[in-house]
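Chemist: The chain contents come next:
Number of protein chains: 2
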Amino acid sequence: MSNPAHFSPAEARKLIREKNWVKPTSGVANGYIQANLAVLPKELAFDFLLFCQRNPKPCPIIDVIEPGDVAPQVAAPSANVKTDIPKYRVYKKGEFVEETTDVTEIWDENMVGFLIGCSFTFEEALLKNEVPIRHIEENCNVPMYITNIPCVKAGIFEGPMVVSMRPMTEKQAIRAVQLTSRFPSVHGAPVHIGNPEVIGIKDIHNPDFGDSVTIKEREVPVFWACGVTPQAVAMHVKPEIMITHAPGHMFITDLKNEQFAIL
Amino acid sequence: MSNPAHFSPAEARKLIREKNWVKPTSGVANGYIQANLAVLPKELAFDFLLFCQRNPKPCPIIDVIEPGDVAPQVAAPSANVKTDIPKYRVYKKGEFVEETTDVTEIWDENMVGFLIGCSFTFEEALLKNEVPIRHIEENCNVPMYITNIPCVKAGIFEGPMVVSMRPMTEKQAIRAVQLTSRFPSVHGAPVHIGNPEVIGIKDIHNPDFGDSVTIKEREVPVFWACGVTPQAVAMHVKPEIMITHAPGHMFITDLKNEQFAIL
Numbered sequence: 003m004s005n006p007a008h009f010s011p012a013e014a015r016k017l018i019r020e021k022n023w024v025k026p027t028s029g030v031a032n033g034y035i036q037a038n039l040a041v042l043p044k045e046l047a048f049d050f051l052l053f054c055q056r057n058p059k060p061c062p063i064i065d066v067i068e069p070g071d072v073a074p075q076v077a078a079p080s081a082n083v084k085t086d087i088p089k090y091r092v093y094k095k096g097e098f099v100e101e102t103t104d105v106t107e108i109w110d111e112n113m114v115g116f117l118i119g120c121s122f123t124f125e126e127a128l129l130k131n132e133v134p135i136r137h138i139e140e141n142c143n144v145p146m147y148i149t150n151i152p153c154v155k156a157g158i159f160e161g162p163m164v165v166s167m168r169p170m171t172e173k174q175a176i177r178a179v180q181l182t183s184r185f186p187s188v189h190g191a192p193v194h195i196g197n198p199e200v201i202g203i204k205d206i207h208n209p210d211f212g213d214s215v216t217i218k219e220r221e222v223p224v225f226w227a228c229g230v231t232p233q234a235v236a237m238h239v240k241p242e243i244m245i246t247h248a249p250g251h252m253f254i255t256d257l258k259n260e261q262f263a264i265l
Numbered sequence: 003m004s005n006p007a008h009f010s011p012a013e014a015r016k017l018i019r020e021k022n023w024v025k026p027t028s029g030v031a032n033g034y035i036q037a038n039l040a041v042l043p044k045e046l047a048f049d050f051l052l053f054c055q056r057n058p059k060p061c062p063i064i065d066v067i068e069p070g071d072v073a074p075q076v077a078a079p080s081a082n083v084k085t086d087i088p089k090y091r092v093y094k095k096g097e098f099v100e101e102t103t104d105v106t107e108i109w110d111e112n113m114v115g116f117l118i119g120c121s122f123t124f125e126e127a128l129l130k131n132e133v134p135i136r137h138i139e140e141n142c143n144v145p146m147y148i149t150n151i152p153c154v155k156a157g158i159f160e161g162p163m164v165v166s167m168r169p170m171t172e173k174q175a176i177r178a179v180q181l182t183s184r185f186p187s188v189h190g191a192p193v194h195i196g197n198p199e200v201i202g203i204k205d206i207h208n209p210d211f212g213d214s215v216t217i218k219e220r221e222v223p224v225f226w227a228c229g230v231t232p233q234a235v236a237m238h239v240k241p242e243i244m245i246t247h248a249p250g251h252m253f254i255t256d257l258k259n260e261q262f263a264i265l
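As given, the protein sequences belong to chains A and B, one line each in that order. Under our numbering, read the first sequence as residues 3 to 265, first letter to last. Under our numbering, read the second sequence as residues 3 to 265, first letter to last.
One thing to keep in mind: the hints can contain errors.
Remember, identical chains collapse to one label, so a pair may be satisfied in a single copy or spanning two.
[Unchecked claim] Derived SDA-like pairs (lysine to any residue); straight-line CA-CA distance at most 20 Å: (1) Lys155 x Glu111; (2) Lys258 x Glu20; (3) Lys44 x Ile158; (4) Lys155 x Gly70; (5) Lys218 x Arg136; (6) Lys44 x Gly157; (7) Lys155 x Glu68.
Since the hints were derived computationally from the structure, they do not count as laboratory data.
For reference, chain A alone in the conformation it holds in the complex:
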C-alpha cells in the first residue's frame, strides 16, 4: 500500500467503503479537509444549522447532506457518507447504542447530515510554521475541556463551549493567532490564551475529554473552540436518533485546507 498521506480523497474513501481501512484517518490524504459528522432527524435540522451559524468557532459547517442525499454536494459529491467513514457511533435518545462501519440501514430520508470542521486543518498550518503540537509529539489525543463560555442559543440547542488546548511559548502563541485567523471557517483564532481559570477550567491536567499533555516551563496554554461542542449540545436534547463519526475516524472531503483560508 502506498503512503496514506498521498492518497487522493476518493482513493481514501474507496478503501474505507470497502472496509480496507477501519482505523483513524489522521495522516490520510494530507492537505484535504477532514470533517466531524452529526446526523439528526429533519425536524431538528433548522435549529441545529442555526446553532452552528451562530457559533461558527466551535461549529464550523463544512457542508450538509440534504434529506434523501448520500453525498455532501459541495464537499464530496462522489462520496457515500453512509459508508465512507471508518467507524460510526449510533445514539438513541442520547444513549450510546452501537459502533458500526456502515449506517446505510439506519440513515433514512428523514435525517440530515452535518459535516463540521475539525482542528486537523489548522494544525497543518501550525506544523508548517514549526509551532509545536504537543499531543502529536506525545502521540496521544488533544486535551479538551468544558468551559464556562456559553454558546449562543438557537431553538432548543444550547450549552457550554468545549475547547481544545495546545501549549506553546508566548511568541509561538502570537504566530498561532495569525496562522489560525486565516481559517475562520475551521475554528479560526484561539478563544483564550493563558489562565485556564478565567474560562472555568479548574485543573488543566485533568481534561474532560482526550488526554493530558505536558506544559513545559515558559509555555502558556492556548485554547481553541472545539468541534466536540456541537455533538455535546445535540446529545443534550436526547434526539430520537443521532449518528456521529467515532472519535478520530473522520470524513475525508475533496476540499483542500488552503481553500478555506481567507487570506
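Let chain A serve as the given structure and place chain B on it in line with the hints.
Modeler: Frame of chain A, contents of chain B only:
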C-alpha cells in the same frame, strides 16, 4: 433633531417604530451593521439557511428571527423587527403586493426572518482608507448586475449571483481586496476585478438594478457579491408569502461593523 449619524441603534429604531423616520437608513447610526431582511414561511427556512451557508459571499447571515420571536436575539434583542424597519415590501407567490411601514398583522408564527449583511459595512472601511465610492460621490444607487456565476444550490433554492460594482484605480483595488478581506461575513473580498464580460456582464453602463456610475480613465470595475442575490433567489421559487425591507430601508442592529472584522 441631533445628527442621525450619532443616533444609537436603539434610538434610531425607536424613531422608526414611531413612524418618525420613514426614509432610507443610509448615514444613520454610523458604525453599526445594517441588514437586509427576508421573511419566509417556516417550511422553506432550512433550505434557505443552507443556501446562505453555502453562499456566504452573496448571502452573509447576520442573524435569524426564530419562529414566534419579534427580535433577532443576537443582533438586536430589544428590537421589534415587525415595526423597526422604515419600509417593508410584501410579496405573495413572487408578486409584489404592497409597501408598508408595519408588518405586525402579516408576520405570523409560521415565518422565519433572515437578516443578511449589506455592503454599508465594508464601504465604511473603504471610505476610511480613501478608496472612492462612486455611487456615493454621484449621489445615486450602487450599480448591480446579474452574472453568469452560479450560486451553490441548496434544496429548492438556486440561481445566479448578483454583484455590485465600484470603479477605482488598480492600486486602490489592491487596497480594497485587503480591506474587505477583513470582513468575510459581510460579503468579504471582491469576486471579480476587471473585464465584466468574464462574469457575463455585457454592458457595464446598463446595470440590472441600481444606477450606472462614471468609470474614469485608468479605473477598473471591482465587483462584490451583493445581498440582492438571496432575495432574487427566494423570489424565484414564488413562496406563498415573503416580506422584505424596501431598498435602502434597512434594519439597524446593535452590532458594530468592527465586531465583524476577523483581523
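Chemist: Each hint: holds or not?
Modeler: Here is how each hint holds up against the structure:
{"no.": "1", "hint": "Lys155 x Glu111", "in the structure": "between (27 Å within a copy, 19 Å between copies)"}
{"no.": "2", "hint": "Lys258 x Glu20", "in the structure": "neither (24 Å within a copy, 51 Å between copies)"}
{"no.": "3", "hint": "Lys44 x Ile158", "in the structure": "both (14 Å within a copy, 16 Å between copies)"}
{"no.": "4", "hint": "Lys155 x Gly70", "in the structure": "between (28 Å within a copy, 15 Å between copies)"}
{"no.": "5", "hint": "Lys218 x Arg136", "in the structure": "within (10 Å within a copy, 56 Å between copies)"}
{"no.": "6", "hint": "Lys44 x Gly157", "in the structure": "both (14 Å within a copy, 13 Å between copies)"}
{"no.": "7", "hint": "Lys155 x Glu68", "in the structure": "between (23 Å within a copy, 11 Å between copies)"}
Checked against the numbered hints above, the structure violates only hint 2.
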